[in-house]
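Fit chain B to the given chain A structure using the hints.
So the chains spell out like this:
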Amino acid sequence: MRVVTKAFLRYLYRRRSLSVLQLMGIACGVATAIGMALSAKTALSSFRQAVEFLKGRATHSLERPAGPMDEKLLTRIMTDPAVEAFSPVIDRRIRLANGEWVRLLGVDPFLDRLIRTELSRSRLDPSFLIEDQAVLVDSQLARQLSVGAGDRLPTSRGSLRIVGVFPHLTGEPLLLMDIAQAQRFFGLPGRVDRVDLILTDEASFRSKWAEGFRLQSGEQRQATLMDMLRAFRLNLQALSLMALFVGIFLVYNTAMFTVVSRRKDAGILRSLGAKPREILFAFLTEILLLGGAGGILGGFAGFFLSRFLTTLVADSISNLYFFLKPSSTQWSWWILPGGLLLGWGASLLGSFFPLKELVRVEPIQALRGRAASQKFKAGAGKVALVGLGILGASLVLLAIPSLHVYWGFAGSFGMLLGASLLTGLVLLLLGPGLKVGLQRLSGLPGKMAAGNICQNLGRTAVAVAAFMVALSLSIGLTSMIGSFRTSLIWWMGTQLRGDLYIGRIPDMEVPENFYEELRFLPGIGGVDPFRNVQIDFRGTSVYLKAVDASVLQKYTRFGWLKGGDENWEPVKRGAVIVSESFYRRFQAGPGSQFTLNGIHGPASFEVAAVFYDYTSEHGVIMMDRSTYLKVFQDRTLNSLGIFVEAADPRRQELLQEVRKRAKNRGLPVATRDQFWGSILTLFDTTFAVTRSMRLLAIVVAFFGIAGALLTLFLERQREFGVYRALGFSPGKWPA
Amino acid sequence: MEPVIRTIDLWKRYNQTEGNNSAALRGINLRIAAGEVVALYGKSGSGKTTLLNLLAGLDRPTQGRIEVEGQDLESLGEAGRTRLRRKRLGFVFQFFNLLPTLTVFENVFLSLELAGKPDREAAREALRAVGLDGKERRFPHELSGGEQQRVAIARAIVKEPAIILADEPTGNLDTHTGERVLDLLAGRCRHHGTTLIMATHSPLTCRFADRMLRMVDGLVIEERSGEEKQT
Chain A
1 MRVVTKAFLR YLYRRRSLSV LQLMGIACGV ATAIGMALSA KTALSSFRQA VEFLKGRATH
61 SLERPAGPMD EKLLTRIMTD PAVEAFSPVI DRRIRLANGE WVRLLGVDPF LDRLIRTELS
121 RSRLDPSFLI EDQAVLVDSQ LARQLSVGAG DRLPTSRGSL RIVGVFPHLT GEPLLLMDIA
181 QAQRFFGLPG RVDRVDLILT DEASFRSKWA EGFRLQSGEQ RQATLMDMLR AFRLNLQALS
241 LMALFVGIFL VYNTAMFTVV SRRKDAGILR SLGAKPREIL FAFLTEILLL GGAGGILGGF
301 AGFFLSRFLT TLVADSISNL YFFLKPSSTQ WSWWILPGGL LLGWGASLLG SFFPLKELVR
361 VEPIQALRGR AASQKFKAGA GKVALVGLGI LGASLVLLAI PSLHVYWGFA GSFGMLLGAS
421 LLTGLVLLLL GPGLKVGLQR LSGLPGKMAA GNICQNLGRT AVAVAAFMVA LSLSIGLTSM
481 IGSFRTSLIW WMGTQLRGDL YIGRIPDMEV PENFYEELRF LPGIGGVDPF RNVQIDFRGT
541 SVYLKAVDAS VLQKYTRFGW LKGGDENWEP VKRGAVIVSE SFYRRFQAGP GSQFTLNGIH
601 GPASFEVAAV FYDYTSEHGV IMMDRSTYLK VFQDRTLNSL GIFVEAADPR RQELLQEVRK
661 RAKNRGLPVA TRDQFWGSIL TLFDTTFAVT RSMRLLAIVV AFFGIAGALL TLFLERQREF
721 GVYRALGFSP GKWPA
Chain B
1 MEPVIRTIDL WKRYNQTEGN NSAALRGINL RIAAGEVVAL YGKSGSGKTT LLNLLAGLDR
61 PTQGRIEVEG QDLESLGEAG RTRLRRKRLG FVFQFFNLLP TLTVFENVFL SLELAGKPDR
121 EAAREALRAV GLDGKERRFP HELSGGEQQR VAIARAIVKE PAIILADEPT GNLDTHTGER
181 VLDLLAGRCR HHGTTLIMAT HSPLTCRFAD RMLRMVDGLV IEERSGEEKQ T
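Note that the protein sequences, when read in sequence, are chains A and B. The numbering used here applies: residue 1 is where the first sequence begins, and numbers increase by one. The numbering used here applies: residue 1 is where the second sequence begins, and numbers increase by one.
A few of these clues could be false.
[Unchecked claim] From the derived model, a few chain A residues whose C-beta atoms are all more than 10 Å from chain B:
hint : residue
1    : 6
2    : 99
3    : 139
4    : 217
5    : 278
6    : 311
7    : 381
8    : 438
9    : 540
10   : 564
11   : 646
12   : 668
[To be verified] Simulated coverage check for chain A against chain B, where a stretch passes if three residues somewhere in it have a Cβ under 8 Å from a Cβ of chain B:
hint : region
13   : 10-20
14   : 261-274
15   : 353-364
[As the list claims (entries may be wrong)] Heads up, simulated SDA-like pairs for lysine to any residue below, C-alpha to C-alpha not over 25 Å straight-line:
hint : chain 1 : residue 1 : chain 2 : residue 2
16   : A       : 72        : A       : 187
17   : A       : 275       : B       : 207
18   : B       : 87        : A       : 277
Hint data in this document are derived by calculation from the structure and do not stem from the laboratory. Backbone N, C-alpha and C fix where the C-beta goes; we use that ideal spot for every residue, glycine too.
Next up, chain B with everything else stripped away, as it sits in the complex:
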């Protein structure tokens, strides 16, 4: 099966000064199939966020190649990467990153507008799906952390992207809320056949994934399938 995401010998180095070779990613090779729910599991500083940022085209690798839906991100150029983000990718951040001056509804609708599908009903539907109907006119600062993360999820899923990248989606939430958020996110992705890659340091998240990739010091050192993980 053709992978929806493929990385080949992916490196990312920061502070490339002489004698300083602090690489965040060290030659990662990865294949993720369409509709898979993957947990990127590792400690803080292991390179999870860097990998997600590279996959989303928010940052650029020092070396190596990334293919998303068969397209090389580097050769797409900035315009191509932007197009990809607005139509095919959804991103959920640890700190939600909602625009503080937009209402809940507008934060979600923004995503549709950027994707070129300004359907107000779809935005309302997404908010209903994450259990936030009735709170459309509120601003992010008027919501709890869990509610803000649900807005971020609604923003990511509303445009029905092929891939959702979630960076510590429960990192800022209590266990109960985190579980609800993950259930919602993974369930929605499975229902729509969306690929979901979640960076996490919490074993809780791994329970919702089909596959778990363990990251240590910029390397994927272990892969487990959903069945293995259960054991």
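The shape of chain A in the complex, shown without the other chains:
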């Protein structure tokens, strides 16, 4: 190895603590970018895999527009010549004793072997068919829970008996149950959630099942689900980009520090006759070694970070859209080259300008070790002008709403960059004021400190910019989450005003007769029978909510965007109210009409009013239960809202009675406060990934400021010695 290169590389060992700090800076940056990208990729690919696996060989699936379907229809399907194979399915999720949610698929093993051939390869125990609550467990889940055939598996709906283990295929934990057992287990006698089909003649089949059913091809189903995730994917992309920006910034800072700290050595080498390109090679070797090591370390760290982030991302998807239990991020050796390239790329980017300056500078200036601070001062105005230009362009981008959201990202990024470039000039302009202010505060050291800020603009501006970026990210994210939370609390106050809520857990359904029982309980003010179902509307998914309009009219205070409480009357007569997002997405304001595919074919609805809603960005249609039953004939209930008059002297007694009756049926009960609390917990979980970005912002601030100040310290080491010689204590160093 050339001695010049050796001289540089030995610094890595000689200044071990600094090398570790630099390595950590690069590793953190790379880990952030890789962790976020991997978790987004894993969550989305798990979702695709799960959909693909659950689809099996099925070309289509048939279901009711809302709610489960009657199994009697299977006889019609069985005799349809367009059907090659079919398999009725109950697709639900249950909660294990450890709190983990898993999917339980109820299938007919004989019909299903043609659809999901992988599952049919598992040896089937006869007890699977005849024993109550018998399930097959996927091998990974069995390993995770340390259970096997013969063991019992406690769940939120009672204990299951494991009769066998089947090969783990998608990474998503899965339980299989015979469909007849599943119908009993979930209280769905004679009903199935959907029928998976292999069709030989789609057109013929579709013509017979057009009315009252939803027939979707596998691709359509996947596309519909992916469409629901569109906004969330955008959010993930934004977070990934932000992580990448943060990562590159950290690596940039580290590389810049490396170059500056070797300035004097470069000067010595130049004085001995080393060519600029030899020094460049030595620098690049060191930077690439550091960048490569940091990149590889960051790759490993990013992998582990992604396992944590994937859970957060999947939890958010499950909370907001549909059940997703992702497989863990799988290790791939490609992660390391990815980290390496990211580490190298960002290091080269970071060292480009300092190296360019170093190669061009006169050897004597490099020998002096310090950067040309006057040059930074002179350049501050030009840099600020560029910053202003970027700010202007960003504002224009942000002001044009018709542009793609990516331009919005670019605009936001530009704002951050533009403001960062202004810091130098702002510091120069503030310099005189700072001098006066700091002198008054701490005398001469204060004045010198202010002078140093302007004198060492090349470093102080970077530190200020790093702090500004971190602070703005932190404040921005905090106020965004805070504002959403405030809106959510306001929204809960308008809509969720029940005294008790029964049900609400996704694996639960409230028996209709319980609703009837409570409804006629003497003294009860009202019971809202709530049904929430996802339906297709103009090619995308929206939520349909069935409620008792009379009860809500009496006890809630909806926030209205258009219309008001008087609109409950038309809702009782068959009209609907829609959420703000639905109104904006489909331009469906009061008075407009649209049709939904009901059990008897298309049904027309008039929009009576538009309300504020924060439960779905895709849109919500709310109708009276009577209308819902007429159109969809789905009697499923997800929860009950119980309302008792505040002035009723028997209020506590009544509420106690409701609690007792719900408990007898094994139904969960929550007070309004508990219910609100669970929603806020859900909200906080959903924003966990975003909050983790706030943490990242603090990491950026730390490394950014530490890097800039270390650079400054190295450049001014001698000056600090002078301060000490003059009698300044370290605590009073003007820096």
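Frame of chain A, contents of chain B only:
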């Protein structure tokens, strides 16, 4: 005799702002012959270091011309000046400027490697010549000031350059060590016919020179030969 170094009306100004005309060098004309040992004598701030830096091509003049071995430094360009430094010039600094991450041997060998003569035995020989054999594997911070300066001298002489420029070579050493270092440096240069230019503010250094150039405020105001200086 053709001079090995010639300067013609050499000026160096810093901070060339309006109304500020602080010139470090003010029109210096100089001729130094091959094999001469010259002391540049003057107070701090008189322009000695600036002149040495310009002669080595580390810095560039504001005005004037420098010729080294008949070649105009300005027209050589950065690549040419670098070539000159690595093959024909040796530099000894007041604060030694050894690379802290290289051992004593490597600091000396580096010079040979840059000159394109990576001869390990020559590096050992140079260290023996300055009395540092046995300390090859030490790092600069493990040596005394005098020893570090001797490493710097070994680094300068090892490639047998035509010219050695020494900026206050004893400025950081005690009198006894300084004398030994100067004896070593001047003796070696005389033995090899190397031109040696030493910037100094110490009369001690002048004793080792053939010729003394006195610098005041950026001007060479006095020249004395070795004989005159003795008197």
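Hint-by-hint comparison with the structure:
Non-interface call for residue 6(A) relative to chain B: violated, since the shortest CB-CB distance, roughly 7 Å, does not exceed 10 Å. Taking the minimum C-beta to C-beta distance to chain B, about 55 Å, the non-interface status of residue 99(A) holds against the 10 Å cut. With 10 Å as the threshold on Cβ separation, the claim that residue 139(A) sits away from chain B holds: the shortest Cβ distance comes to roughly 55 Å. The beta carbon of residue 217(A) sits about 67 Å from the closest Cβ of chain B, which is more than 10 Å, so the claim that it is off the interface holds.
The beta carbon of residue 278(A) is not kept farther than 10 Å from every beta carbon of chain B, the shortest such distance being approximately 8 Å. Non-interface status of residue 311(A) relative to chain B is upheld: no Cβ of that chain comes within 10 Å, the nearest being about 45 Å off. Separation of residue 381(A) from chain B is adequate, the least Cβ-Cβ distance of about 17 Å exceeding the 10 Å criterion. Listed as outside the interface, residue 438(A) is consistent with that label: its C-beta sits roughly 27 Å from the nearest C-beta of chain B, beyond the 10 Å cut-off.
Here residue 540(A) stays apart from chain B, with its beta-carbon at least about 63 Å from theirs, past the 10 Å limit. No Cβ of chain B approaches the Cβ of residue 564(A) within 10 Å, the least distance being about 73 Å, so the stated non-interface status holds. Non-interface call for residue 646(A) relative to chain B: holds, since the shortest CB-CB distance, roughly 80 Å, exceeds 10 Å. With a cut of 10 Å on Cβ distances, residue 668(A) stays outside the contact zone with chain B, its closest approach being about 68 Å.
For the region 10-20 of chain A, the assignment as covered by chain B holds, since 3 residues bring a beta-carbon within under 8 Å of that chain's beta-carbons and 3 suffice. Taking a C-beta to C-beta cut-off of 8 Å, the region 261-274 of chain A contributes 8 residues in contact with chain B, enough for the three needed, and the coverage statement holds. Judged by the Cβ-Cβ criterion of 8 Å, the region 353-364 of chain A is covered by chain B as claimed, because 3 of its residues qualify and three suffice. Pair hint residue 72(A) plus residue 187(A) holds up; C-alpha atoms about 17 Å apart against a cutoff of 25 Å.
Taking the CA atoms of residue 275(A) and residue 207(B), the gap is near 36 Å; set against the 25 Å cutoff, the hint is violated. Proximity of residue 87(B) to residue 277(A) is assessed by CA-CA distance (about 17 Å); at most 25 Å being required, the pair is judged to hold.
Hint compliance for this structure: hints 1, 5, 17 are not met, and every other hint is.
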